[in-house]
Amino acid sequence: MPSERQKYIRNFSIIAHIDHGKSTLADRLIEKTGLLTQREMKEQILDNMDLERERGITIKLQTSRLIYKAQDGHEYILNLIDTPGHVDFTYEVSRSLAACEGAVLVVDATQGVEAQTLANVHLADEQGLTIVPVLNKIDLPSSRPQEIIEEIEEVIGILAEDAPQISAKDGINIEAVLEKIVSDVPAPDGDETAPLKALIFDSYYDSYKGAVAYVRLMEGSVKKGDRIKMMALGKQFEVVEVGVSVPTPLAVPELKAGDVGYITASIKNVKDCRVGDTITFANTPTEAALPGYKKATPMVYCGIYPAEGESYDDVRDALEKLQLNDAALSFEPETSVALGFGFRCGFLGLLHLEIIEQRLDREFDLDIIATAPSVIYRVTKTDDEVSMIQNPSNLPPVTEIKMMEEPIVTANIIVPNEYVGNIMELCQNRRGEMVHMDYLDPKRVVLHYDLPLNEVIYDFFDALKSKTRGYGSLDYEFKEYRESDLVKMDILLNKEMVDAFSMIVHRTKADSRGRVICERLKEVIPRQMFVIPIQAAVGNKVIARETISALRKDVLAKCYGGDISRKKKLLEKQKEGKKKMRQLGNVEVPQQAFLSVLKFDEN
Amino acid sequence: MEKIGLYIHVPFCNSKCTYCDFTSFVPKASERNQIIDQYFDALHTEFNQYIQNGYKFSVESIYFGGGTPSSVPASHIETMLTLIKSKCTLTDDCEITLEVNPGTINRESAIQYKNSGINRISMGLQTTSNSLLKTIGRTHDFETFQATYKLLRDIGVDNISLDLMFGLPGQSMASLRESMQEIIRLNPEHASIYSLKVESGTPMAKMLEKGLIKLPDEDMEREMYHTIIDVMESYGFYQYEISNFSKPGMASKHNLIYWHNQPYLGLGLSAHSKLNSVRFANTNDFETYLSIIGHKNRSIRVEETKIDTLEDLFETIILGLRLNEGLDIEKLNQAYQIDFEQKYHSVLEKLKFYELIETEGQVVKLTRKGMDLSNQVFGAFMNE
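Here the protein sequences come in this chain order: A and B. Heads up, the first sequence is in the UniProt record's numbering, so the first residue is 1 and it goes up one at a time. Heads up, the second sequence is in the UniProt record's numbering, so the first residue is 1 and it goes up one at a time.
For reference, chain A alone in the conformation it holds in the complex (with noise of 0.2 Å):
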C-alpha cells in the first residue's frame, strides 16, 4: 500500500513509434505542469543533442519531475521518465520502464499502430505497467481516431475508447492526458524505513560530478553522506549529491522508496554506474538485487581508423570521452594493412554506430574512416575451439574451420499490405525465414521474420523504408546462432588485397554483393595513371572484375594573360584533393569509397 507521501507521486514514461509525437507531448506535458515558464521552454526540451532532434529520436534518457495540481486539488508529483526510441536500445528501454508503474502510449492517429508501438507495449507489459493510450495529431485531416482506437483496443488488446484525442503540435488536450496519468497509473509503494535498493535507469558524465546515476528508489532512502554499493559490480561509494531532474539538476536532502532521481557520489566513470544495477547500502544491504540486469553487450563491430590527416591520439581521446557517456560503446586498438592504425569499436546496433561516426564528426571535429560493419561470428575449428570472430581479418583458414554459426534475429515487419511482396522479396533476398504473417486489419500486415543480423545491419532499414514508400516499420531482437554457409569475400585493387573491404558473407550471396561492390568502387575511384583492376575474391578464386581504365586527360589548355596564379591555384585544389585520399598500394582510394561498401540493396 502506498504510503500517504507516495499517494501523490506517479512514475511514468512515455513510448510510442517513431515519429508519433513523443518527444513534442513530453515538452507539453512540462509545459502544462507549469515548472518552466513559456520562455524558458526550448522546443523539445528533452532531446538535447543536436543529433536526436535532427533524426527525430532520443539518444540519451533524461527525466524530469513535474508538478502538477490536479482537478480533485491535490498537488502530484510527476515523474517523467524518457525512453530512447529505437530497436537498438531496447534493454535500456525496459530499464527505463521498470522505474514506472505506468507508460503513456502515443499512437499517431493518422497512422496508426506501428512496429515500435508493439514492440514498446511489449516491453511495458513485461514490467506490469498500465498503459494509458493516447490518440496524438488530431489536428491532422487525415487523422481518423474511430478507425485507430478500434486498433489499439484490436491489436493490443487494452480499452482505448476515452483514450484523450490530442495534438501535441498544437497543445490540444493535454490536461486530459495528465488527468489520465494521476487517475489510471497506480502510486508508488515500497517500504521508506527498509534497506536502500535502487534501480539505475540512465546514467551520465558529468565532468564536475563525475558519473550521474539516475534511479528510481523501490525501497528505502538515501542522502548525502550514505555509503552505497552497485549490487552487480560490487564498487562502493560515498554519496555526494541527490536531487531532482526539472529536468536541470536540483539537490534535495533526501531521496524515499517511489522518488525519481539522481545520486551522484565521485564516480569516475560511467562504466562503474551501470544501467539496470541495483543500489543498496553498503553496511545494510537489501538482500536482493532488482532482477533484470544485463551487461550491454555489442551486437555489431566495425574498424574506425582516423583518416588522412587526422591523428591516432585523438580518435582515441574522443572515443574515450563518448564511451564515458556510453557504457554500451566498446573499443580496443587495431591494425589494417590498409588503414595503419586505429580501433575496433562495438556498438549495440547499426543506428548506433551511425551515431557514433557522426559524434566522432560534429563533437570532436575528427575525419574518420569507418569499415564494413560485422556482426559476431561463432566459430569452430577443426580441433573444437570454439571463437568469436568480429572482424573478417580474423577468421582462421578455411581448412581449420569445422562450422560457423551466424546470429539470427527475430524481426517484427509491418507493412500496408500493398507491399506485403516488395517487403517478402526483401526478406527473402536477406535470407530471411518467414515464421508466420498477421493481418493488424484490412489494410495492414505485421510478418514475422527469422534474419541473419549481417543481413539487417547493412541497409536492410533503408531498403524498407524505400520499398514501401517510408510506411514500413521494423523492429528486431537477437533469437539465437544458427549454423551457416559462410565465406570471407576480399577486395584486391590493382591486385592488391585491401583488408578494411573484406567481409564474411553467405556462399550464395557472394557473387551478387562482390559485383556490386566492384561497380560502386569503380565509381567512386578517380582514374589514375595507370589502369587499375578491381576484383572480388573468394579464397583464390575471382568472382567480380571492375576496371577503372587510366586517366587520359588532365591538362589546362589556356594559360593566358599572364595569369599564373589561377592555374597554380587549381594545382593546390588537385594537391588538396589528394590529401584526403587514402594511398592504398599505389591507388589513391577517396574516403567515399569505404562507404560505398556499407550499401548493399542491389536496386
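No lab work stands behind these hints: they were computed from the structure. Treat the hints with caution; some may be incorrect.
Unchecked claim - Distance ranges between label pairs, derived from CB positions: (1) A:Lys522 with B:Met1: 56 to 62 Å; (2) A:Asp365 with B:His260: 44 to 50 Å; (3) B:Ser200 with A:Leu250: 52 to 58 Å; (4) A:Lys443 with B:Gly211: 38 to 44 Å; (5) A:Gln574 with B:His260: 21 to 27 Å; (6) B:Ala29 with A:Glu308: 52 to 58 Å; (7) A:Arg515 with B:Lys247: 51 to 57 Å; (8) A:Arg515 with B:Arg301: 56 to 62 Å.
Claimed, not checked - Simulated pairs of lysine-lysine, BS3-like, Cα-Cα distance not exceeding 30 Å: (9) A:Lys580 with B:Lys197; (10) B:Lys369 with A:Lys568; (11) B:Lys206 with A:Lys522; (12) B:Lys369 with A:Lys579; (13) A:Lys553 with B:Lys352; (14) B:Lys350 with A:Lys568; (15) A:Lys578 with B:Lys214; (16) A:Lys553 with B:Lys253; (17) A:Lys573 with B:Lys369; (18) B:Lys214 with A:Lys569; (19) A:Lys579 with B:Lys343; (20) B:Lys16 with B:Lys197; (21) B:Lys16 with A:Lys569; (22) A:Lys567 with B:Lys16; (23) A:Lys578 with B:Lys197; (24) B:Lys350 with A:Lys578; (25) A:Lys568 with B:Lys214; (26) A:Lys579 with B:Lys365; (27) B:Lys352 with A:Lys567; (28) B:Lys306 with A:Lys579; (29) A:Lys575 with B:Lys352; (30) B:Lys343 with A:Lys580; (31) B:Lys214 with A:Lys573; (32) A:Lys580 with B:Lys206; (33) B:Lys350 with A:Lys580; (34) A:Lys575 with B:Lys306; (35) B:Lys365 with A:Lys569; (36) B:Lys214 with A:Lys522; (37) B:Lys331 with A:Lys569; (38) A:Lys553 with B:Lys369; (39) B:Lys331 with A:Lys575; (40) A:Lys568 with B:Lys3.
None of the values given here were measured: they were computed from a predicted structure. Ideal Cβ positions, reconstructed from N, Cα and C, are used throughout, including at glycine.
Given chain A, work out where chain B should sit, using these hints.
This is chain B only, laid out in the frame that chain A set:
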C-alpha cells in the same frame, strides 16, 4: 633597364560568347563611346604612374588582348602605342600584336593599325564550322572570317595567328578534320589551338547542366588533340607549346615571355603582372579601375604576391615544361644554384616511369602523354 612584355587589356566586346569567363562586357550603345574614352584615359594614367615612379622599360612585345580590342576605334590603339613609344624603348624586333575578331575591322582601320606599328594579328576564329560557331555564341560566320583574313593579307599583314578551339559541343572527328584542312589552306603563320574548358558560371556550363548540349567524351577529345598535332606537323607547323603551333621562327614572342618566366607588365582591367619577383593583378571592377583617373596614387591592385626563390623555381619548371623545347637543366642549375636532377630525383623517376616526361641530353620535356596529363606532372613538382 628591365626587358618586359607589355599586355594591355581591352575589356569590350560586341557580344559575349557562351564559353567566355574573361573580364569583358558589352557596353550599352548610348554610353559606348564615353565609356571607351574613359577607359583609355585610365589606361594612360596607369601607364604614366609606372613611368612617374621611375620605371624604365625595354619592351620586347606589346599585346592588345581582350575582350575584343578591334571593337574600339583604331585611334585608341594608335594613341596608346604612341604614348608607350614616347616613354619606353622598344627593341628592334618588338612584336606588337592586336587581337581581332572577324568582321570588326575594315580596310581603313586595318591600314591604320598597320601604320601605327601593329605587326602581328591574332584572329579569334575558334572553328570553321558555322553551326559550331553559333553554338558557342560567336557572332561571325566562317565567310566573314575569310573576308577579314583576306583583307589583312591584302594590305600586307605577314604575321597572322589563328585562335581555335576543339572539343566543342557536338563536334565530330569528321568536322574537326574538315576544319583542319581549312586551316592548312589558309596557311597562317601561327595557330593557338585550345581544348575547350567549360568554366563554371558561364552560359555554356548552364547549357551543359541542363543537358542542352553534350561534349565529346574524354577519349574522343584526346583523339582530336592528337589529330591536330599530327596534321599541323605534317604541314610544316612546329608545336612549340601544349596548345601553340607556328611556322619556323614565328613562335609568339609575347607568349614565350610568360613561359620563360620573364617579367611582364599588364595594364587595364584585371590585368596580371610580374615585375621584380612580385606577381600582382588589377581589380576586375570597372568603376574601381576608372577611379585612378585624377588620383595619382590610388591603388587598383587586388592581389600581390612576392615570389621567393623556391616559388620562382617551381614556376619556371611548370611554365617551361609547357614548351616543347623543354627545360634546360644546366641553365636551371645555374640560375637557382641547385642540382635539379638530385633535388627532384624521385619525382623525375616517377614521371619517367609513367612515361610523362623524357630527357634528351640536358633537356627535360613532356612526352605526348605528358602533355595530356600535364597537370599531373606540374602537381608532382609542387608536392616537393
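Evaluated hints:
1. Checked against the given bound of 56 to 62 Å, the beta carbons of Lys522 of chain A and Met1 of chain B, roughly 59 Å apart, stay inside it.
2. Checked against the given bound of 44 to 50 Å, the beta carbons of Asp365 of chain A and His260 of chain B, roughly 45 Å apart, stay inside it.
3. Checked against the hint of 52 to 58 Å, the C-beta distance between Ser200 of chain B and Leu250 of chain A comes to roughly 57 Å, which is consistent with it.
4. Between Lys443 of chain A and Gly211 of chain B the Cβ separation comes to about 41 Å, which falls inside the hinted range of 38 to 44 Å.
5. Roughly 24 Å separates the CB atoms of Gln574 of chain A and His260 of chain B, a value that falls within the hinted 21 to 27 Å.
6. Between Ala29 of chain B and Glu308 of chain A the beta carbons are some 56 Å apart, a value that agrees with the proposed interval 52 to 58 Å.
7. The hinted range of 51 to 57 Å is satisfied by Arg515 of chain A and Lys247 of chain B, whose Cβ atoms lie roughly 55 Å apart.
8. Distance hint for Arg515 of chain A and Arg301 of chain B: a CB-CB separation of about 57 Å, consistent with the stated range 56 to 62 Å.
9. In summary, the hint linking Lys580 of chain A to Lys197 of chain B is supported, as the alpha carbons are separated by about 25 Å, within the 30 Å threshold.
10. Pair hint Lys369 of chain B plus Lys568 of chain A holds up; C-alpha atoms about 21 Å apart against a cutoff of 30 Å.
11. Taking the CA atoms of Lys206 of chain B and Lys522 of chain A, the gap is near 27 Å; set against the 30 Å cutoff, the hint holds.
12. For a cut-off of 30 Å, the pair hint linking Lys369 of chain B to Lys579 of chain A stands: about 24 Å separates their Cα positions.
13. Taking the CA atoms of Lys553 of chain A and Lys352 of chain B, the gap is about 17 Å. The hint holds against a cut of 30 Å.
14. For the suggested pair Lys350 of chain B and Lys568 of chain A, the alpha carbons sit about 21 Å apart, so the restraint of at most 30 Å is met.
15. The suggested pairing of Lys578 of chain A with Lys214 of chain B holds, with an alpha-carbon distance near 28 Å, which does not exceed 30 Å.
16. Between Lys553 of chain A and Lys253 of chain B the CA atoms are separated by roughly 28 Å; this keeps the pair inside 30 Å, and the hint holds.
17. Straight-line distance between C-alpha atoms of Lys573 of chain A and Lys369 of chain B comes to about 22 Å, which keeps the hinted pair within the 30 Å bound.
18. A C-alpha spacing of about 27 Å is found between Lys214 of chain B and Lys569 of chain A, which places the hinted pair at or below 30 Å, so the restraint holds.
19. For a cut-off of 30 Å, the pair hint linking Lys579 of chain A to Lys343 of chain B stands: about 22 Å separates their Cα positions.
20. With a CA separation close to 16 Å, the supplied pair Lys16 of chain B and Lys197 of chain B stays within the 30 Å bound.
21. Restraint check for Lys16 of chain B and Lys569 of chain A: the C-alpha separation of about 26 Å stays at or below 30 Å, so the hint holds.
22. For the hint linking Lys567 of chain A to Lys16 of chain B, the alpha-carbon distance of about 23 Å falls within 30 Å, and the restraint holds.
23. Proximity of Lys578 of chain A to Lys197 of chain B is assessed by CA-CA distance (about 22 Å); at most 30 Å being required, the pair is judged to hold.
24. With a CA separation close to 16 Å, the supplied pair Lys350 of chain B and Lys578 of chain A stays within the 30 Å bound.
25. For the given pair, Lys568 of chain A sits about 29 Å from Lys214 of chain B by alpha-carbon distance, which is consistent with the 30 Å threshold.
26. For the proposed pair Lys579 of chain A and Lys365 of chain B, the alpha carbon gap of about 27 Å is at most 30 Å, so the pair holds.
27. Only pairs whose Cα atoms come within 30 Å are accepted, and Lys352 of chain B paired with Lys567 of chain A is accepted, the gap being roughly 23 Å.
28. Distance restraint check for Lys306 of chain B and Lys579 of chain A: the Cα-Cα separation of roughly 26 Å lies within the 30 Å cut-off, and the hinted pair is therefore satisfied.
29. Among the hinted pairs, Lys575 of chain A with Lys352 of chain B is consistent with the structure: their alpha-carbon atoms are about 20 Å apart, no more than 30 Å.
30. With a CA separation close to 26 Å, the supplied pair Lys343 of chain B and Lys580 of chain A stays within the 30 Å bound.
31. Taking the CA atoms of Lys214 of chain B and Lys573 of chain A, the gap is about 26 Å. The hint holds against a cut of 30 Å.
32. Proximity of Lys580 of chain A to Lys206 of chain B is assessed by CA-CA distance (about 29 Å); at most 30 Å being required, the pair is judged to hold.
33. With a CA separation close to 21 Å, the supplied pair Lys350 of chain B and Lys580 of chain A stays within the 30 Å bound.
34. Under the criterion of a C-alpha separation no larger than 30 Å, the hint pairing Lys575 of chain A with Lys306 of chain B is consistent with the structure, at around 22 Å.
35. For a cut-off of 30 Å, the pair hint linking Lys365 of chain B to Lys569 of chain A stands: about 23 Å separates their Cα positions.
36. Between Lys214 of chain B and Lys522 of chain A the CA atoms are separated by roughly 23 Å; this keeps the pair inside 30 Å, and the hint holds.
37. Of the pairs offered as hints, the one joining Lys331 of chain B and Lys569 of chain A holds, with about 27 Å between alpha carbons and a cut-off of 30 Å not exceeded.
38. For a cut-off of 30 Å, the pair hint linking Lys553 of chain A to Lys369 of chain B stands: about 9 Å separates their Cα positions.
39. Pair hint Lys331 of chain B plus Lys575 of chain A holds up; C-alpha atoms about 28 Å apart against a cutoff of 30 Å.
40. With a CA separation close to 25 Å, the supplied pair Lys568 of chain A and Lys3 of chain B stays within the 30 Å bound.
In summary, the structure agrees with every hint in the numbered list given earlier.
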